[in-house]
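Between the sequences and the hints, there should be enough to build the whole structure, so can you do that?
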Amino acid sequence: MRLERTLIKQRIQATRRHTLSTLLVFSFLILSLSSALIISVFAPSGIRVVATVTVGASPTEDAFDPAINDTYVANYQNASVSVISRSNTLLATISGFAGPRSPTFCPFNNNVYVANSYLNDTKVISSSTNSVIADVIVGFGPWAVIYDPHNHNIYTANPGNNSVAVINT
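Residue numbering for the sequence shown follows the working numbering, beginning at 887 and increasing consecutively.
Treat the hints as calculated values from the structure; they're not laboratory data.
One thing to keep in mind: the hints can contain errors.
Distance windows between CB atoms, simulated [what the hints assert, rightly or not]:
1. 955 - 1045: 25 to 35 Å
2. 975 - 1054: 30 to 40 Å
3. 995 - 938: 30 to 40 Å
4. 972 - 1049: 29 to 39 Å
5. 1048 - 996: 26 to 36 Å
6. 1048 - 1014: 34 to 44 Å
7. 977 - 1049: 17 to 27 Å
8. 973 - 1045: 29 to 39 Å
Every value quoted in this text rests on a predicted model; they were computed, and no experiment measured them.
Glycine included, every Cβ here is placed at the ideal spot set by N, Cα and C.
Put into structure tokens, the structure is as follows:
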């Protein structure tokens, strides 16, 4: 626990809202809890809300695109991915998902990869158009996606059939 006390200065409790999902945008870090409908974001210089952005139901995870400074938020229950600009505005809501999880930015090709849990694929989003450009069948129940900077591959963990799919970027 010593490491946790060193790295975490304050914990933020997420609150549940039943009418809409809200993303609180601060200037540095997004804190996402899967059971919450609010994502809290805070700045290292102090806890302060910069903006509030409405996203889909059950925002679970997010990915940041440093090339254009957009953030991609997987909305698990809403079956969509929200794209938020650096200026804290909702740029797009990308539909066509079924249980989106674990968006991951690939700096090698500037695409975002999202596990699509109920359709057994990983969707590829073009960060330049904010649209799905490919569906890659990966295995049963894909749950987590990671990027390997050494070989530029994307790995999708599929707990439904105990496999890992490798996507060549």
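Structure-based check of each hint:
Distance hint check for residue 955 and residue 1045: the Cβ-Cβ separation is about 32 Å, which falls inside the suggested range of 25 to 35 Å. Between residue 975 and residue 1054 the beta carbons are some 34 Å apart, a value that agrees with the proposed interval 30 to 40 Å. The hinted window of 30 to 40 Å between residue 995 and residue 938 holds, with their beta carbons roughly 32 Å apart. The hinted window of 29 to 39 Å between residue 972 and residue 1049 holds, with their beta carbons roughly 36 Å apart.
Evaluation of the 26 to 36 Å hint for residue 1048 and residue 996 yields a pass: the beta carbon distance comes to about 31 Å. At roughly 35 Å, the beta-carbon separation of residue 1048 and residue 1014 lies within the given 34 to 44 Å, and the hint holds. At about 34 Å, the CB distance of residue 977 to residue 1049 disagrees with the hint of 17 to 27 Å. Between residue 973 and residue 1045 the Cβ separation comes to about 37 Å, which falls inside the hinted range of 29 to 39 Å.
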